[in-house]
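All chains, please: the whole structure from these sequences, using the hints.
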Amino acid sequence: MLTKEENERLTRVGRGAPAGELLRRYWMPVATARELSDENPTRFVRVLGEDLILFRDKSGNVGLIADHCAHRGASLLYGRVEERGIACAYHGWLYDTAGNCLECPAEPAGSMFHLTVKHKAYPVRAFVGLYWAYMGPLPAPEIPRYDAWADKELRRRITVRRIDCNWLQAMENSMDPAHLQILHQDAGTNADTGQPRDTTRGRTDDVASLEFYEVPYGIMKKRVYRNGLLDEHPLIFPNILRHQGTQIRAPIDDTHTMHYTVSVQLARDGEPEQDEDDIPVVESKPHKVPADALYPDARFTMADVAAQDYMAWETQGAIPDRTVERLATSDRGVVLFRQVLKREIERVEQGQDPLGVVRDPDHAVIDTKVVGWLKEYVGRPRNRAEDRRDPVRA
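Under my numbering, the first residue of the sequence shown is numbered 1, with each subsequent residue one higher.
Since the hints were derived computationally from the structure, they do not count as laboratory data.
Incorrect hints may appear among the rest.
As the list claims (entries may be wrong) - With a straight-line cut-off of 35 Å between C-alpha atoms, the simulated DSBU-like cross-links for lysine-lysine are:
no., residue 1, residue 2
1, 342, 288
2, 120, 222
3, 222, 285
4, 222, 152
5, 285, 152
6, 285, 369
7, 369, 222
8, 342, 222
9, 4, 288
10, 120, 58
11, 342, 4
12, 222, 4
Unchecked claim - Restraint-style ranges between C-beta atoms, simulated for each label pair:
no., residue 1, residue 2, range
13, 3, 216, 25 to 33 Å
14, 90, 328, 55 to 63 Å
15, 270, 90, 48 to 56 Å
16, 346, 142, 20 to 28 Å
17, 109, 34, 36 to 44 Å
18, 162, 90, 26 to 34 Å
19, 346, 100, 32 to 40 Å
20, 215, 275, 26 to 34 Å
Remember, it's a predicted structure, so these values are computed and weren't measured experimentally.
Note that the Cβ used here is the ideal one computed from N, Cα and C, for glycine as well.
Okay, structure coming up:
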């Protein structure tokens, strides 16, 4: 269990909060590349508890700035995009992507007042079909080129879901392989018999061994099944699960999380290289009904592995009370993740870069060393019946 104070340190994501300051040392996805267009050049986003406007000006530059105009607080969501930036619809104050105020039209001719105005702005980059923002101290690090993102032989698609809970229980779930054999037991077939299973023990007896160990970019999970099947894949610190692709848990605020899944599959022979600005975005099915309701007023569909996970995350509460939990030996991965999270928060407090931050712009592609059935799955051509995975092995 955690003390109340420890729980606060690990869950709160606002500026100045320990976990919030840690998360600001990493690039965070804020939207898909398809969410900005000539017809819709502005978008409201909330990231790490901050209300921001993502926009693309008429020169093609993308910026991320504070929602409320520095003048008198009108929302820049309704601003006019121009060649040099975005102009507030209220009085026309014009900002570039760096937050510099370029004009205050109502001021006298020759006035230099606009030079005294600096609006909050964050660096933005487009990568693997997403817009990423860096909200920490400058200079910004690099977006790490993990194999799932950098391999040009892979084809990607994106799914986005908003989850009504804190980011931490989503990440703890990724360090809790024991839930797979219980929560997801009816999603596939038994590893030994090929038959569905629906029992209290689920598939628990299918697993021969389970271990965790740290790597330079996070924590590796290694699971060996009694039939010899191997599954080894990492949690990329602090908020990414490397799986068939990557699942990125980007905190919206303390009690909501945006869940981006970048799925990957090997290209077909002769298929042209994928345009990163046009990676398909797959519409996600609601995981609860009504879709915007909170537990206990919502009914979770439990229709697939994702919906089952979201039920487990959200019904713990927006931020679980970890002072009353009873951890068992099967929770050792959760305990390890919390220990690493505490350690890396302390590194940030000491002025150091935390785990996995990359500064070298010419760094090599980072091999996340996924082995076993996941590696084989990603290596298959697409659109074959045998590509349908057994989610229990996920």
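Consistency of the hints with the structure:
no. : hint                  : verdict
1   : 342 x 288             : holds, 33 Å
2   : 120 x 222             : violated, 43 Å
3   : 222 x 285             : holds, 31 Å
4   : 222 x 152             : holds, 27 Å
5   : 285 x 152             : holds, 29 Å
6   : 285 x 369             : holds, 31 Å
7   : 369 x 222             : holds, 11 Å
8   : 342 x 222             : holds, 23 Å
9   : 4 x 288               : holds, 30 Å
10  : 120 x 58              : holds, 21 Å
11  : 342 x 4               : holds, 14 Å
12  : 222 x 4               : holds, 31 Å
13  : 3 x 216: 25 to 33 Å   : holds, 30 Å
14  : 90 x 328: 55 to 63 Å  : holds, 57 Å
15  : 270 x 90: 48 to 56 Å  : holds, 53 Å
16  : 346 x 142: 20 to 28 Å : holds, 23 Å
17  : 109 x 34: 36 to 44 Å  : holds, 42 Å
18  : 162 x 90: 26 to 34 Å  : holds, 29 Å
19  : 346 x 100: 32 to 40 Å : holds, 36 Å
20  : 215 x 275: 26 to 34 Å : holds, 32 Å
Comparing the model with each earlier hint shows a violation of hint 2 alone; every other hint is respected.
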